[in-house]
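Dock chain one against chain two, each of which comes alone in its own frame, and use the hints as you go.
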Amino acid sequence: MEKHGRKGDISWISGSVVAAHGINDVEMGEIVEVGEEGLIGEVIRIKDEEFIVEIYENTSGLKPGEPVIASGKRLVAELGPGLLNNILDGIGRPLEAILKQKGPFITRGVKISTLPRNKKWHFKPTAMVGGLVEGGDIIGTTKETNMIDHKITVPPETNGKIVALEEGDFTVDDPIGKLETVSGIVPLRMMQEWPVRLPRPFQARLASDEPLVTGQRVIDVFFPISKGGTAAIPGGFGTGKTVMLHQLARWSNTQVVVYIGCGERGNEMCEVATDFPKLKDPRTGYPLMERTFLLANTSNMPVAAREASIYYGITVAEYYRDQGYDVSIMADSTSRWAEALREVSGRLEEMPVESGYPAYLPDRVAEFYERAGRVRTLGKPQRDGSVTVIGAVSPPGGDFNEPVTIHTLRFTGVFWALDADLAYSRHFPAIQWLKSYSLYANRLLSAWAQSFSDYSGQLQSWWKDFHQLFPELRDKALAVLNESSEIESIAKIIGENALPDDQRLILLTADTLKEGFLRQFAFDKVDSFCEPEKQFLLLKMMTDFHDQASVLIKNRVPIIKISSLPELQKMKRIKQDEGGIAAIRQLMEQCHKELRRIGEEYRVSSGV
Amino acid sequence: MAEKLQELTGLTYRGLKEIKGSLIMIEGIEDVGYDEIVRIRAPDGVERMGRVLEVGHGRAVIQVFGREIGLQINSIVGFSGSVFKIPLSEDILGRIFNGVGEPIDGAPKIISKDKYDINGMPINPVARIYPEEFIQTGISAIDGPLSLVRGQKLPIFSESGMPHNRIVAQIAKQATVRGKKEEFALVFAAIGQRSDEARFFIEQFKSTGALERSVVVMNLADDPAVERLFTPRIALTMAEYLAFDLGIHVLTILSDMTNYCEALREMSAAREEVPSRKGYPGYLYSDLASIYERAGKVKGRKGSLTQMPILTMPGGDLHHPIPDLTGYITEGQIFLDRDLFARGIYPPINVLPSLSRLMRSGIGEDKTREDHRSVADQLYYFYSMGMKARDLSRIVGEMSLSETEGRYLKFADAFERRFINQDENENRPIEKTLDIAWELLAMFPEDNLVRIEKKYIEKYGRRMRVNAPI
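Note that the protein sequences, when read in sequence, are chains S and G. Numbered by the working numbering, the letters in the first sequence go through residues -3 to 604 in order. Numbered by the working numbering, the letters in the second sequence go through residues 4 to 473 in order.
Keep in mind that the hints were calculated from the coordinates and are not lab data. Predicted model only: the values in this text are computed from it and were never measured. Please note that the accuracy of each hint is not assured.
In silico lysine-lysine, DSSO-like type, Cα no more than 27 Å apart, as pairs [claimed, not checked]:
no. : chain 1 : residue 1 : chain 2 : residue 2
1   : S       : K115      : S       : K98
2   : S       : K59       : G       : K20
3   : G       : K118      : S       : K107
4   : S       : K115      : S       : K69
5   : S       : K98       : G       : K118
6   : S       : K69       : S       : K174
7   : G       : K302      : S       : K107
8   : S       : K157      : S       : K276
9   : S       : K510      : G       : K457
10  : G       : K370      : S       : K276
11  : S       : K510      : G       : K413
12  : S       : K536      : G       : K457
Over the 10 Å line for every Cβ pair with chain S, so calculated as not near, a few chain G residues [what the hints assert, rightly or not]:
no. : residue
13  : R42
14  : G59
15  : E71
16  : I99
17  : P111
18  : E162
19  : E186
20  : F187
21  : G212
22  : F247
23  : R297
24  : R346
25  : I348
26  : K435
27  : V453
28  : K458
Away from chain S, derived, C-beta distances all over 10 Å, residues of chain G [as the list claims (entries may be wrong)]:
no. : residue
29  : L74
30  : I107
31  : K118
32  : V180
33  : G182
34  : D369
35  : D416
36  : M446
Using N, Cα and C, we set each Cβ at its ideal position, and we do this for glycine too.
The following block holds chain G by itself, in its conformation from the complex (with noise of 0.2 Å):
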């Protein structure tokens, strides 16, 4: 009962003077601070949340979360006191809750006296653990040369319609740190999903029983927008707490970032301030740096907080402001392409366009092998000749294409094929990812592969040479 009292400590007021789309403005309150949470009772009965977003003396605008419909302006606000916090205890393991934290399980609700701001704190830069340990996802694609490392933030774009929620699902179930054994668990968070897609994911932690080590927070498409925003902060409040606070190594999955970002667009629309590009905020990039920077790993705490944000790219365009402003705060990204995609490729991993930033720390002797680098390095060299020769040939014909671009191209085409394609259960450790590599890099002379020391050349691509695929 502790806790309804204090949920209700706040003023109470009755009448609003103006209802516009899902802002609010209430005269003649006290007492009110900025971001303040508030709690609107219309008098249809159904209690809507609410944010204070500006505030003045005796007056406030209030941002409404659930629908607006129903509204009225004899609806009764009781101010909280205080910014948007959740309790949290061990407890969240296993749970399913709504956009805004409520458990949706129908098991009881948390009950905890450590209250967390969803809004988190920013981690002082000194105070960073520089990540560098490697996960292996058992995905060629990922693994070898675009290697996660525990702590990083690496994103997923992708278009409508291609298999994105596969290639999480598959790394949620195989993702391992090799050679430890340590808690590990994940946080999901469902932003305006399909609730089939929701259904996916939820089933797929069940059958490989995940779902035990599980958080997730769902706000569904037909859930209420602006709810949205809160959605991706309470799943990485969440995060933190297990993470920092009970030493535990953290995925967060944030999917979909793009109807979070259509969301803030619906709220600053609403709130008639000046858009910067396709109507989007000029704070989009500050706003979803508060989001994805929640990730790493802090000193003197056990647990770290890897995030794999999903979002779809609106027409497939990596140039729209959401894919762009993510690729300049994220730790790189992986790219799916419809053209592979097409041709029947899994995952269709496009590496040219994607990075990860932090492979090179996580990577090497003693953290995977110490080839991995330079055959990454040879892969992306070879690829990218190839995708050039690709198009050549479709001008000029395959058959004028020098010997050495012939070469490039069907160094391509095997590389698609036998290295990036692969069984969404198959789990292949790094040595087989590297290994299938050298098998495809010996397609060429030993001279051609600058990008490789002789030492390795000698030592991992000699017996590798055997199974050549020409």
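Next comes chain S alone, as it looks inside the complex (with noise of 0.2 Å):
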């Protein structure tokens, strides 16, 4: 803190970037403040005498020779109880307060920290005076909200012995106790500090092969992230990436959710505030915005602010995993922080490689991405956490071979990628079952089973029955897909009438698949959330129709017998149906006994 005030002032001004000069020991990294106003900037290069920083603000009006105060801090996130249920600007100013302090419109200059400084949170130690304590461990919690008890831990790399420590109402300004550490007494608080640029430590990596259970077909069940894993969404744009990430952010099963609108639509981050404390998350029956953070730095807001607002996200995330919370970041979208980093190094005349892009984008993507991760946290009591990170990439053009989407495929595990013909058909979510991919399928598809009955709270005996056929089916439903894109474009050719009945029967399964399967609706009532056993059953419903339907079909019963059944257009319309479970076993059972019918009609017996 002693190093806060020193002065030096503005030699040259070029937009966000700012050159100056007065200060000799001024550090890369460190926050100034610059001109009369005060505008919030960071230096990001040093030579000789001079300085440059990039500001975080509009620099309209700004006058060389005017003051720049270094403050002697890196780019800091406030950590402590508050951070859920809030909205905050890319470098951590809280919108509501904005709004209130300066109208509808964001003007500069505005200085309001991150956590409400007048407001008491209920303090309940859990550590003994007396006790010895090191980074990490967990002294006391807090309801921070009626989903997150909020775990006050000793600040990474602090230890010593605990002095005093109350149990009480205070603000996260309030020292709550004191720890004796070899430097002397420092007092406790529910509030620390952490540089958003830093990943936060831990004590080891863990393994990861507990699923995010997403409530989507298409995720759960084809492409699986895992708890801890990371994934990227590209897509052009209307193919859909800003309604799949809010579907993520509303249902995943994680405790706690940070979203990122870095450089998106202003409407849309009003939606997810408006949306998001409504909406009920399914487990807890709380609003959904009780587990929820959100950051907003808008397309219209500083360019400079965008490219911090990653770090200040991921930030957060970690200090919930420290927790010991499962927490998922969506950062929508990546894209426009690369270009804020392209910006930024234009303005310093940096040599871009491809596209206008610095030779740094690949280690900046890798960087962020390798922030996920389950992990075991520093600590007592022992407790493992997680940080999974889907990160939205918009390729210009919406063509993937371009430098954004290629460096980030290289650090991600999942890669859903979002198709343009099958937004145009209103096919959503738009995922591209024939490009995407997911590295942890096969890990996941074992621990199915047990996540699955975790999330609905119990094992039911069906599905003690079942979910050994699990793979077998997802295997079976791919294939039928699969098969039927190489057929269709057979089909293109010679017409549909001029194939095989059994080529006809999977493209009739695959048209099944595809619109009563992979199809979902985020804004319908029943469908926009399917739960683990909804999906099974579905997909357990069409795998079987098509291998009855086959049996048929070898046996020589026409094709127009089966596609002329109305049960066809059911399956396609279940998922919708608000008699949820029990209608799809309903219509599971009269498939059945329609396709039996057909077999006793032509004397076809075996396997109907």
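Okay, here's the thing in structure tokens:
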């Protein structure tokens, strides 16, 4: 803190980049206040006498000679209770407070701290006075929201003996106790700070084989992601990236969700901020907002802050991970972050490589995604937490062959490829099943049984019998989808009528799968979230139908007999039926019966 | 007179260091701010505006608007002491301005003590009200599958020679929010437009009496390209003033954003910046966002700002950086199709690559009609299948199509002819639009309408079956 207040002045201004001089011991990454209005910026280059500052706010009207004051601090995130149920700008200023103070438009030079200083939290100690603690140890809790008990921990790299610790109502600034360290007695507070560009430390990385249940069929069944995994969603505009991320933020079974709106539309952030307080978490029944932390740097807010917002978000995610929670973080869109890097790099006249991006782009992408993972945290009691990172990518022209997409795919485990053709025919989520992949799929399939039953809260007998079947059904469905795309390309040349019946059956099943399983309505009351049991039953119904119909076709039953069954159309709609699982079971029975009837008519018995 | 004085408060200097295209360097100056507006008077007597692009101790780089021909080293540069601001009052309604905000209709200047920075300020995302009021344009292709709502930014992606101007004029004429009588105004920014195009709009507005409720900001094709960088910002500053200060519902038309982007590229090249795709600067996205995001509804303010930018896709290429980046920022796009145009369909809107992101919130029960969303979904599905069938029929011939494919193909034709196609003066209420849709859907057995709930088929579909095209 004693370093705060070193003063210099501006020598050159070009857009968001300002050169200054007069402070000799300025540090890379140090936060400085620039100009009479105290605009916030970060030191990004130092040479001889001069240093370059990237400013997080609009610089219009700034003049050479205006003061520059170095803070002695790096860009830090305030971590403590009050983060959840909140919406901040790219560098951690609460937008609601800005609205109250400044009106509906964002002016510059606003200084409001992230965590409210006047709010009191009830702190309950769990550690003993006299106990020895070290970085990461939990010393108490406070109820941050109905859904989250906020664990108060000793900041990393701090240790000593607790000499005082009190239960009571405190603000994040108040001392809740005292710690005797080698360098003297220091106060303990509920809030700590962490420089956002540095990953928070942990004990060890753990393997991650627990699936993140998203309630989205195409993801959970075909391209699953593990808790602690990384996923990329690239797609051109209008392919549904944002809706997909909103869906994941709504329904994923992590305890905490961090949502970063990075260079995207203001109305979309407004939608999240209005929707999430109203939507209920399917497991706890509390408003989703109570587990959500939002960062909004919309596309018209200053570019430089966009670059910082990604790091801010992941630091908050790591902080909750360190309390032992599973956290997922959605970044929409990482392309805007990369473009912010490019813009600043351009102003510094660095040598561009591909498409104007700086040569260090892949390093930055890797650093970000590597902050994901399941870990054993520092401190006592022993606990594990995870950060799952899901990043949207907005490739120019929807062409995946561009630097940001390419480098993102190198460092992520799941690829959900969004497809413009699917989007044009309003097939959402427009995840192209032929192009997408999940490196976690094999590992996760075996773990499905356990986590699904955890999800519904009870190990149901049906699931015991069936979960073994699951990988097989999935493979079967994928095979049908793959084969149908080949057949379709032939049908394009010779016409569907000229195809043999077994191939037409594949087209028929594939169509049912696409319409009745893959396609999911984000805005439908029933279909928006599909519980695991329902996913499994739908899949089983359709693959069973295919198997049984195949036997009939082999025995020369004409395809028209099968394709004219009204049950086919019903299978496509049953996902939205309010009767839920019971209705699906009933339809399954009905399909069996109909196919058996056709079999009897043609004297086919085996397998039906 | 007070105004004149204020304009001249900054310091004035004679003598430039260097002139490079539209950039000039000047030395020996004091107390100049970044982004400050300057006036440059060359010995030829012409006064030009300029803006400070970079500034250091005693020196600055200035971008000149207006013609650089005639500039001399011993020109006079006057610094204004502030960024680009325009005076605004209610009197802007019914007026015509040039691309830098000066009246060109012969009437007096706008006098007001309230001056507004043309760059505006970003709307705090939590201060926004999510747009959800349906605007009926009377055009089926928009109201049905691409509904527009108040506060949305919905661009038209067009090509040279297509009737985008006529469509926009029709929207400007017909747009209403049903059941409400509220103050409405139009702000039209002509950006690098041909004079005949601009005249078309002004005459349209005059003939419908809309001119009194309009503001026109005009930068024509032969006006200096650099001024185009200001034209949309001036128009939007006026629109924001009308919407958020005066509480009027404003529709802003920006035509043509491609010209704006060309001007931006020209400036960027002159400044020797590292180019990104096709020579456009790397910050094209942020720059466009600073224009398009100036739309919406704001808590505690009565009005709304709806934006319809028009852009002509260079070479009809949807993946060109201009339409591409626009699509990433705007809330959807209306795509005009040369093929439909060639077949005489007006408006030639291809609904498949088109999209309205905010449609969902503006339609349905109490807003349009309960069946609206599912009908639109079903139309999309059949039309996309119809397009596939059309491709196929070109290879195998219509005779070889299966019965279903044949039906899809017929549907696609009927959809274009009866639903999309309408007269330039025809104002279809939303019920009419949906009823036409049901007539077309009646070409299929009820079982095939998998994207529509049963109850709607019974309520709205059955009565339309009698009018089916087959």
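Against the structure, the hints:
no., hint, in the structure
1, S:K115 <-> S:K98, "21 Å, holds"
2, S:K59 <-> G:K20, "20 Å, holds"
3, G:K118 <-> S:K107, "26 Å, holds"
4, S:K115 <-> S:K69, "25 Å, holds"
5, S:K98 <-> G:K118, "19 Å, holds"
6, S:K69 <-> S:K174, "24 Å, holds"
7, G:K302 <-> S:K107, "22 Å, holds"
8, S:K157 <-> S:K276, "42 Å, violated"
9, S:K510 <-> G:K457, "21 Å, holds"
10, G:K370 <-> S:K276, "25 Å, holds"
11, S:K510 <-> G:K413, "24 Å, holds"
12, S:K536 <-> G:K457, "25 Å, holds"
13, R42, "17 Å, holds"
14, G59, "4 Å, violated"
15, E71, "21 Å, holds"
16, I99, "28 Å, holds"
17, P111, "29 Å, holds"
18, E162, "17 Å, holds"
19, E186, "20 Å, holds"
20, F187, "21 Å, holds"
21, G212, "32 Å, holds"
22, F247, "8 Å, violated"
23, R297, "7 Å, violated"
24, R346, "20 Å, holds"
25, I348, "18 Å, holds"
26, K435, "23 Å, holds"
27, V453, "5 Å, violated"
28, K458, "12 Å, holds"
29, L74, "23 Å, holds"
30, I107, "27 Å, holds"
31, K118, "14 Å, holds"
32, V180, "18 Å, holds"
33, G182, "24 Å, holds"
34, D369, "16 Å, holds"
35, D416, "18 Å, holds"
36, M446, "17 Å, holds"
Checked against the numbered hints above, the structure breaks hints 8, 14, 22, 23, 27 and satisfies the rest.
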